[in-house]
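Trainee: Respectively, the protein sequence lines represent chains A and B.
When we follow our numbering, the leftmost residue of the first sequence carries the number 1, and every step to the right adds one.
When we follow our numbering, the leftmost residue of the second sequence carries the number 1, and every step to the right adds one.
Be aware that one or more of the hints could be misleading.
[As the list claims (entries may be wrong)] Derived, one-sided and incomplete: chain B residues facing chain A with beta-carbon distance under 7 Å:
1) L95
2) E97
3) V153
4) A167
5) W220
6) S223
7) G225
8) T281
9) I282
10) K288
[Unchecked claim] Simulated restraints on C-beta separations:
11) S59(A) <-> G262(B): 52 to 60 Å
12) S149(B) <-> Y13(A): 24 to 32 Å
13) G61(A) <-> G262(B): 34 to 42 Å
Source of the hints: derived by calculation from the structure; they are not laboratory data.
We put the CB at the ideal spot given by N, CA and C, even for glycine.
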Amino acid sequence: MHALRFNNLTLGYDHQPAIHRLDTEIAAGSLTAVVGPNGAGKSTLLKGVIGTLVPMEGSLGLGSFSRENIAYLPQQSDIDRSFPITVIDLVAMGLWREIGPFGWLSAAQQSLVEKAIAAVGLSGFESRIIGALSGGQMQRVLFARLLLQDAQLVLLDEPFNAIDTRTMTDLLKIITRWHGEGRTILAVMHNHDTVRTHFPQTLMIARELVAHGPTESVLTAENQFRARQMCEACAGPPHVCGRSVA
Amino acid sequence: MIWDTIFQPFAEFGFMRRALLGCIAISVGATPVGTFLMLRRMSLTGDAMAHAILPGAAVGFLVFGLSLIPMTIGGLTAGLLVALLSGFVTRMTILREDASLAAFYLISLAIGVLIVSTRGSNVDLMHVLFGTVLALDDATLILLCSISSFSLVTLSLLFRPLVLECADPQFFRSVSGLSALTHFTFLLLVVLNLVGGFHAIGTLMAVGVMILPATSARFWAISIGGMIATAVAIAMISSLIGLLLSFYYSLPSGPAIILVNGIVYGLSVFLGPIGGLLTQTINQQQLKI
């Protein structure tokens, strides 16, 4: 059973591919780290899965569930931290599928929101403005929102970028618990040590597939060297399949 | 007595009452929209759109004379056309949004000035640029109040999507397909309020009522609701004071209203408890101790 199937998938911006002919599948219930050099197309891949980027070529198949069953953690840099929204309001947006643009929170939903905030250790922070939080606290807020989304497929874009170790330990516990509950998790990761200790599967990309499989067999020095070379080759003028475009 | 000074002109003159009502309508409609423009870092987009509506209003004026409906529809069309064209160029070409918007509004402004100055008199140009808040007729007042009611209702329906679109657009796109609709409805509200505003205080000044109170409110309130309420209050009080100054000292009313807003802004920059200069200085002093 697969949760995600990439069929010769090409994704990109402005007619330039950022991911080229990716062909592999993510098993249902797996916990997979997506690794690769900067500019390898890791975030692009997640944007393809949530549907904000339409495939330029090939296709992307979701297994037994629909797009509604995907929860997505954007990179922190994609969020406007200066926008005056409170912790509780941002977390409650995890219930968007239920409440939509106009719905009220029922008493039951209200208590769900409070429980999610408590579960990430932020009780008492409900009415804080997100601009007043530290990087670690902000990431806890976003995980509380993911908890509310209660999705079968969880996509995390650099969940541990620039946060303290204690927060990272707490959030890794949540991820491990999701894994135990049979959810499929795909996380863009930078720290290979964390990947080795916590992620059974790894997908290494460098604009195209480098390796995919059990973490130990993927995170080899040889693969990492190859990935870097492939990305450097891509860093030059735009090209498609090695041919330069005029 | 000070109360006489404040109430006398409005008690005595119908045109002053009408001017006040018109200004209040603009304050209630345009200022909340301006608050979101500021929070989305689109303050200058408001300015660009204000210029963009000019040729539409001018064509309406050219064909039908100084008539309310054609100038409104013309302004609305020109504003939306510029918004859509610049959106199209941004999506399809290498140009970024600020540059493509600048290009289209400058072209639009030039066409507008050309039309007004070849076919109309200087008085007409002054009317479009600076408005006629002291001579609002029934139809214009109804238009202003309708626009501000429509704007308030739409904004409250749009509130949650708009907040998410501003704060966390990637997440919003992952849970909802309303992103593009939200953006364009918001732009529609911007244009609509500017078109309403230009009848009263002119195309160039209308954007002032939209943006200045919002930027002042940033220094006084933390939440979005608080900011909007503060901004609307600032806009209303500034309108009142501006109209009185214009009455007693024979100043042009549009600029008088905007300048009072500007003074409030200046005070807010210095005294505002949230990130104002004074607070920042005190905080830094405390850090040193």
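Trainee: Double-check W220(B) for me: the hint is only fine if its C-beta lies closer than 7 Å to a C-beta in chain A.
Mentor: violated, 12 Å
Trainee: Cβ-Cβ distance between G61(A) and G262(B): within 34 to 42 Å?
Mentor: The hinted range 34 to 42 Å is violated for G61(A) and G262(B), with Cβ atoms some 58 Å apart.
Trainee: Could you check if S223(B) really has its C-beta closer than 7 Å to a C-beta on chain A?
Mentor: This interface hint holds because 6 Å falls under the 7 Å limit.
Trainee: I want to verify a distance hint. Is the separation of the beta carbons of S149(B) and Y13(A) within 24 to 32 Å?
Mentor: Because 41 Å falls outside the window, the suggested range is violated.
Trainee: Just to be careful: measuring from the Cβ of T281(B) to every Cβ in chain A, is the smallest value less than 7 Å?
Mentor: Result: violated, 20 Å to nearest chain A Cβ.
Trainee: Go through the hint on A167(B) and say holds or violated, using the shortest Cβ distance to chain A against 7 Å.
Mentor: It holds, given that the least Cβ distance between A167(B) and chain A is near 4 Å, below 7 Å.
Trainee: Under 7 Å is the threshold here; is the Cβ of K288(B) close enough to any Cβ of chain A for the hint to stand?
Mentor: violated, 22 Å
Trainee: Per the CB criterion, is L95(B) less than 7 Å away from chain A?
Mentor: It is violated, given that the least Cβ distance between L95(B) and chain A is near 12 Å, above 7 Å.
Trainee: Using the nearest Cβ pair, does G225(B) come within less than 7 Å of chain A?
Mentor: Constraint on G225(B) not satisfied, violated at 9 Å.
Trainee: Using the C-beta atoms of S59(A) and G262(B), is the stated range 52 to 60 Å upheld?
Mentor: 56 Å Cβ-Cβ, so the 52 to 60 Å window holds.
Trainee: Mind checking the CB of E97(B) against every CB in chain A and telling me if the closest is under 7 Å?
Mentor: violated, 14 Å
Trainee: Next item in the hint list is V153(B). Is there a CB on chain A closer than 7 Å to its CB?
Mentor: violated, 13 Å
Hint compliance for this structure: hints 1, 2, 3, 5, 7, 8, 9, 10, 12, 13 are broken, all remaining hints hold.
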